[in-house]
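Here the protein sequences line up with chains A and B, keeping their order. The first sequence begins at 1 in our numbering and counts up by one. The second sequence begins at 443 in our numbering and counts up by one.
Hints may be right or wrong, so weigh each one.
Stated by the list, open to error - In the EDC-like style, the derived pairs of lysine to aspartate or glutamate whose C-alpha atoms are separated by at most 20 Å in a straight line are:
| # | chain 1 | residue 1 | chain 2 | residue 2 |
| --- | --- | --- | --- | --- |
| 1 | A | Lys190 | A | Glu216 |
| 2 | B | Lys632 | B | Glu664 |
| 3 | A | Lys372 | B | Asp625 |
| 4 | A | Lys369 | B | Asp625 |
| 5 | A | Lys372 | B | Asp699 |
| 6 | B | Lys449 | A | Asp67 |
| 7 | B | Lys449 | B | Asp512 |
| 8 | A | Lys346 | B | Glu479 |
| 9 | A | Lys346 | A | Asp418 |
| 10 | B | Lys470 | B | Asp490 |
To be verified - Quick look at which bits of chain B chain A covers, simulated, 3 or more residues with Cβ under 8 Å:
| # | stretch |
| --- | --- |
| 11 | 489-501 |
| 12 | 504-510 |
| 13 | 635-642 |
| 14 | 652-660 |
| 15 | 763-770 |
Worth flagging that the hints you see were computed from the coordinates, not collected in a lab. We treat Cβ as the ideally placed atom computed from N, Cα and C, and that holds for glycine.
Protein chains: 2
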Amino acid sequence: MKFRTVKGTRDFYPTDMAIRNWIVDTWKRVSLNHGFEEYDSPIFEYLDLFKAKSGEAIVSELFHFTDRGDRELAIRPEMTPSLARMINARAQSLPLPIKWFSVPRLCRAERPQRGRLREFFQWNIDIVGIDDAVTDAECIFVAVDFFRQIGLTPADIVMKINSRALLAALLSARGFAENRHADIFVVLDKRDKLSQDDFIKSVEKITQSGSRRGKEKTTLIEIGQAHGKTGLESLAGMAEGNKSAERELTRLRNVFDILNTLGVADYCEFDMGIVRGLAYYTGVVFEAFGKAGLKRAICGGGRYDQLLEVLGGPPMSGTGFGTSDVVILDLLIELNHVPTEATISKQNDFYVIDADANLFNEVLSLVAKLRKAGFAAEFSYRRQAIGKQIKQAAANNTRWAVIVGNEYTERGVLSVKDLDTGEQVEIPIRTFLDNPHAPMGK
Amino acid sequence: MKFRTVKGTRDFYPTDMAIRNWIVDTWKRVSLNHGFEEYDSPIFEYLDLFKAKSGEAIVSELFHFTDRGDRELAIRPEMTPSLARMINARAQSLPLPIKWFSVPRLCRAERPQRGRLREFFQWNIDIVGIDDAVTDAECIFVAVDFFRQIGLTPADIVMKINSRALLAALLSARGFAENRHADIFVVLDKRDKLSQDDFIKSVEKITQSGSRRGKEKTTLIEIGQAHGKTGLESLAGMAEGNKSAERELTRLRNVFDILNTLGVADYCEFDMGIVRGLAYYTGVVFEAFGKAGLKRAICGGGRYDQLLEVLGGPPMSGTGFGTSDVVILDLLIELNHVPTEATISKQNDFYVIDADANLFNEVLSLVAKLRKAGFAAEFSYRRQAIGKQIKQAAANNTRWAVIVGNEYTERGVLSVKDLDTGEQVEIPIRTFLDNPHAPMGK
Numbered sequence: 001m002k003f004r005t006v007k008g009t010r011d012f013y014p015t016d017m018a019i020r021n022w023i024v025d026t027w028k029r030v031s032l033n034h035g036f037e038e039y040d041s042p043i044f045e046y047l048d049l050f051k052a053k054s055g056e057a058i059v060s061e062l063f064h065f066t067d068r069g070d071r072e073l074a075i076r077p078e079m080t081p082s083l084a085r086m087i088n089a090r091a092q093s094l095p096l097p098i099k100w101f102s103v104p105r106l107c108r109a110e111r112p113q114r115g116r117l118r119e120f121f122q123w124n125i126d127i128v129g130i131d132d133a134v135t136d137a138e139c140i141f142v143a144v145d146f147f148r149q150i151g152l153t154p155a156d157i158v159m160k161i162n163s164r165a166l167l168a169a170l171l172s173a174r175g176f177a178e179n180r181h182a183d184i185f186v187v188l189d190k191r192d193k194l195s196q197d198d199f200i201k202s203v204e205k206i207t208q209s210g211s212r213r214g215k216e217k218t219t220l221i222e223i224g225q226a227h228g229k230t231g232l233e234s235l236a237g238m239a240e241g242n243k244s245a246e247r248e249l250t251r252l253r254n255v256f257d258i259l260n261t262l263g264v265a266d267y268c269e270f271d272m273g274i275v276r277g278l279a280y281y282t283g284v285v286f287e288a289f290g291k292a293g294l295k296r297a298i299c300g301g302g303r304y305d306q307l308l309e310v311l312g313g314p315p316m317s318g319t320g321f322g323t324s325d326v327v328i329l330d331l332l333i334e335l336n337h338v339p340t341e342a343t344i345s346k347q348n349d350f351y352v353i354d355a356d357a358n359l360f361n362e363v364l365s366l367v368a369k370l371r372k373a374g375f376a377a378e379f380s381y382r383r384q385a386i387g388k389q390i391k392q393a394a395a396n397n398t399r400w401a402v403i404v405g406n407e408y409t410e411r412g413v414l415s416v417k418d419l420d421t422g423e424q425v426e427i428p429i430r431t432f433l434d435n436p437h438a439p440m441g442k
Numbered sequence: 443m444k445f446r447t448v449k450g451t452r453d454f455y456p457t458d459m460a461i462r463n464w465i466v467d468t469w470k471r472v473s474l475n476h477g478f479e480e481y482d483s484p485i486f487e488y489l490d491l492f493k494a495k496s497g498e499a500i501v502s503e504l505f506h507f508t509d510r511g512d513r514e515l516a517i518r519p520e521m522t523p524s525l526a527r528m529i530n531a532r533a534q535s536l537p538l539p540i541k542w543f544s545v546p547r548l549c550r551a552e553r554p555q556r557g558r559l560r561e562f563f564q565w566n567i568d569i570v571g572i573d574d575a576v577t578d579a580e581c582i583f584v585a586v587d588f589f590r591q592i593g594l595t596p597a598d599i600v601m602k603i604n605s606r607a608l609l610a611a612l613l614s615a616r617g618f619a620e621n622r623h624a625d626i627f628v629v630l631d632k633r634d635k636l637s638q639d640d641f642i643k644s645v646e647k648i649t650q651s652g653s654r655r656g657k658e659k660t661t662l663i664e665i666g667q668a669h670g671k672t673g674l675e676s677l678a679g680m681a682e683g684n685k686s687a688e689r690e691l692t693r694l695r696n697v698f699d700i701l702n703t704l705g706v707a708d709y710c711e712f713d714m715g716i717v718r719g720l721a722y723y724t725g726v727v728f729e730a731f732g733k734a735g736l737k738r739a740i741c742g743g744g745r746y747d748q749l750l751e752v753l754g755g756p757p758m759s760g761t762g763f764g765t766s767d768v769v770i771l772d773l774l775i776e777l778n779h780v781p782t783e784a785t786i787s788k789q790n791d792f793y794v795i796d797a798d799a800n801l802f803n804e805v806l807s808l809v810a811k812l813r814k815a816g817f818a819a820e821f822s823y824r825r826q827a828i829g830k831q832i833k834q835a836a837a838n839n840t841r842w843a844v845i846v847g848n849e850y851t852e853r854g855v856l857s858v859k860d861l862d863t864g865e866q867v868e869i870p871i872r873t874f875l876d877n878p879h880a881p882m883g884k
């Protein structure tokens, strides 16, 4: 009888957990530093909630079940439906704008592959209730700041930014009817996954037959391949004279200006190929990519205007992004940037050692006092030689060994050994307990 | 179209999340201080894993489902089966003893009631691979230390301790065959839920008919009601001359001695009525109870000897306990001991304010620098009067308001206002940025 994890799910042994905690703790710290508050929702919801947001097709991607009360339920595959439900339930009383973050555990019934597992942790950031370039830029800034905090530079990563509103305005200005936009978005969204030839073939498939074909093709290729500063300038020419396109261009430029003020322009780049597959994005959208081998998006988000309404709430604009521990870890592995255990695991403050088995009670009493005072203090379950206990202390990533010898009961003193420097001092028990963190006068 | 949470599950709005984080963070800090390492497992496992531990009857208490690959899966209702699976998978390589903790999200398909929800967070502590009174005591000590850290005293809470091994030895010594022990355990386990009369009736039901009935009844009532120091002494008389009972009594007394050395004896009490319903406990067992209205156990655990073997692993003794955020919170509410938001929510370091809308870019740039340096810094999305922005800063639980006026560009200085004391100083931008946490020389 051998039991295993279900394929696509992971055990977190302490060394794995240390890395997960390091990622999640960094997410939380960055979120708090940028003024976001944490929230969470249940791991399962009514299946209807997910259908309402994504349609019937989502069901096959969910772990869903019927409970004893015949309720159709599903494990959450993303946080957005629950977020919308929560905001809608208190739309009248929540002060705006809402700046919230979460780190939900999510499950998706998909085939496990690189960067995608059946269970993962996602970092979600949302600013809801305000439609402003500052919040577009702030969301992007938060994501970039996280990458910066884990040591990734513009040489490692690029944040590609676009505006679906600008794209739509340009298409309308160039005579593409609105009911054709969705198909065009799909083709542009796949641009970087296709060869140049295949991209052009895809574009041809969505152009109208007849006399406009050639012109449409040229326009779509020009729009679809626009990127970087020159790309944005070429679109400026295209937008000229069309109020809606000009307005959206100004907004997008404003976002880039703010990112410059925020000091992260070197991570950011305009790219019309960033469309985001999900239907609910309406404004500025963005995706981060590793510059080395890992070509898939490692973080993505953007502005949504109808999401809350679709789930029964008031009309309210929001912007946000998500990224997962799985892609972040894949990227870090690829860049050889996974932190070492020593840098992320918690150091024990003290390891209390008896010089003689008779002193074990003194050891226990001292350990209890240190723990009560909020220090991490450990001891050996085995009564054994001092040397062996010191070895255990070192293996345990301990800062100081505290040695209890006969002088403890005879003269009321103990010895503290700094396991980094090897330095050892003898100090009165009382002095030590009054300020355990300063045994060496540090 | 209004969506709700499933009954028995909870949303965590930021104020709820702050309390959950306070509980969970305390669990984690206490665990680390006591030398435990964190681990985790997937939220769902093969249904067979849970059946192997608890039998077919468990299925109705689980949220279970069949995935597209026809695998029978279930959301974990407890952590122990996953813990056993993980240890068994690496039984050859994990250094012993294992000191692990976890804070899993668990789901149970039971009727929601006070202290029991369908989804909750559980704190689990386990020491595996060593069978020693020190580890029995250390587990109890960890639980008590948590209660102490959240401000609960022996006036609020009692840790009741027993030994199933002692109980079994006493029963055997008094002629109760081993195949009768399970039934007796069930009756003793329910002792505190029954009136004295009903308890005696339950005891009568499990006594043998015939001449031994009266004697059996007296013995069971004496054993079953033994508690406190006098109870332990009366059992000592009963154990005398029986080696097995004497050995287990010595072990239990040793546990109490160590708890005394650890400084938590005032929280602890012997009680033969603590049997723990779960079949897998074999040695010292314990349960904590609130002393006020909430009579149900708020934490429980004990030693298990066959658990790992049952799930296909090597024979290995372990001890551990669990408690949930739901019972802890119920207890704190009852004792009027829930911390205020101010004491547990993170304080913003800075709120950067513009004295004039033209200076907004300077505000953004300053905010970005503070956040980059790892500080929590916020600003207003609205350009408005200084007074309103300072109000927002205060509402945002901020330590210092940083005011950017014309002197910022003209003379390179800014003002820092301590929002606790109202004190305000003007300092050079460079000086402030070199050491933002000491604007007042603190």
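Now for the hints, and whether the structure bears them out:
1. A:Lys190 with A:Glu216: holds, 18 Å
2. B:Lys632 with B:Glu664: Since the Cα atoms of Lys632 (chain B) and Glu664 (chain B) sit roughly 15 Å apart, the hinted pair holds (cutoff 20 Å).
3. A:Lys372 with B:Asp625: violated, 40 Å
4. A:Lys369 with B:Asp625: Status violated; Cα separation ~42 Å.
5. A:Lys372 with B:Asp699: Holds, at roughly 18 Å.
6. B:Lys449 with A:Asp67: At roughly 12 Å apart (the allowed maximum being 20 Å), Asp67 (chain A) and Lys449 (chain B) satisfy the hint.
7. B:Lys449 with B:Asp512: Violated: Lys449 (chain B) and Asp512 (chain B) sit about 28 Å apart, past 20 Å.
8. A:Lys346 with B:Glu479: At roughly 9 Å apart (the allowed maximum being 20 Å), Glu479 (chain B) and Lys346 (chain A) satisfy the hint.
9. A:Lys346 with A:Asp418: holds, 17 Å
10. B:Lys470 with B:Asp490: violated, 30 Å
11. 489-501: holds (count 3)
12. 504-510: holds (count 5)
13. 635-642: Since three or more residues must qualify, the claim that chain A covers the stretch 635-642 of chain B is violated, with 0 doing so at under 8 Å.
14. 652-660: violated (count 0)
15. 763-770: violated (count 0)
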